[in-house]
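J.: Keeping their order, the protein sequence lines are chains P and S.
Just so we're aligned: the first sequence equals residues 1 to 147 in our numbering.
Just so we're aligned: the second sequence equals residues 1001 to 1169 in our numbering.
It should be emphasised that the hints constitute simulated quantities derived from the structure, not laboratory data.
Certain hints may be false.
To give a feel for the contact side, a few chain P residues facing chain S, derived at Cβ under 10 Å [said to hold, decoys possible]: (1) Asp-11; (2) Lys-12; (3) Leu-14; (4) Glu-16; (5) Leu-17; (6) Glu-24; (7) Ala-26; (8) Ser-32; (9) Val-38.
The calculated lysine to aspartate or glutamate pairs, modelled on EDC-like cross-linking and capped at a C-alpha distance of 20 Å, are [claimed, not checked]: (10) Lys-1037/S - Glu-50/P; (11) Lys-1022/S - Asp-1033/S; (12) Lys-20/P - Asp-1011/S; (13) Lys-25/P - Asp-1033/S; (14) Lys-1022/S - Asp-1011/S.
No experiment lies behind these values; they were computed from the predicted model shown.
Positions of the beta carbon are idealized from the N, C-alpha and C atoms, including for glycine.
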Amino acid sequence: MKTIHDTEPDDKLLMELMLKMPVEKAPESFTSGVMQQVYSGFEPVQETPELRRQMLFGYISLLAAILIVGVMVFAQWPFFNINLFSSTDQLRNLLNASMGILDGINSITQFLKDSSTVIIIMSSIGLLLIFERFLRRGFQQNRSFLL
Amino acid sequence: MYAVLVDRYKDMVFSLVFKIVKSREEAEEVAQDTFLKAYHALSRFKHEARFSTWLFRIAYNTAISRTRKKQITTLAIDENLVENYSTDEVHENVNQLDEQQQLELMKNALKTLSNDDQMLISLFYNNQQTVEEISVITGLSESNVKVRLHRIRKKLYSEMNQRVGLLHA
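Just chain P, same shape as in the assembly:
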């Protein structure tokens, strides 16, 4: 014979009776009340240690991106053996070419076709932005402050 000590954790009789018991219900207007408060009282995300850490990674990534782009544009790295800008004339020409919209776009397109350096720079920036996004994944509904 089964005694009270053998009662199964999911005892059927108690479960049936408990499920039949009337439960306290929230008022009809409860959902609309909550949603009204949600829309009217949006609170900014609280600054937590985790958030600060993520922000720090974000800023480090951004700084690294700017530094790398700067180095790639202005530094001469002969061991890479790639055709970096060797004089300010080239930069000035690039800037002048960009000023006229149509001529600029045309020139840039031509320049991109001719130059692998710019493509490398753009790819580097793109990769860094993607890297930064991975670092900040899960924060602020997966949206980066850069993208």
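Dock chain S against chain P, hints included.
T.: Same frame as chain P, now just chain S:
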């Protein structure tokens, strides 16, 4: 989108906090606070537990802090309630009653439980939370939840057995 979640869980949350604060007005405020807190913390929900467990934990903590009540304390294992009557007999007697009588019997048996015990048994049966999940919600150890549920069942059976005996007498 969030309104769907609120609609789905509002009664369960309301019922849970009502068992702690014991007032409809206050239960409504606590339940609203719970859903607002959950909304602002949604990005921190890591799917390590069921959404309902995560929500009930917020509800429980909000209700506890509102009432300035202490959390459920750890329960020492105490077997003073041992009574060797058969559960089969209780089942049989209860099943002979009509539904209204069964509900009345259960209602009276539940009244003999403390508020905390009513909440625990409700989490287990009504809200379908496991022992592990109740442990997460209340902060009790799993073994304490098991012991507590075991004692609550014994108490309910004992009460029902006494009352059903009176009904049949």
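J.: Out of the numbered hints, which ones does the structure contradict?
T.: Structure breaks no hint.
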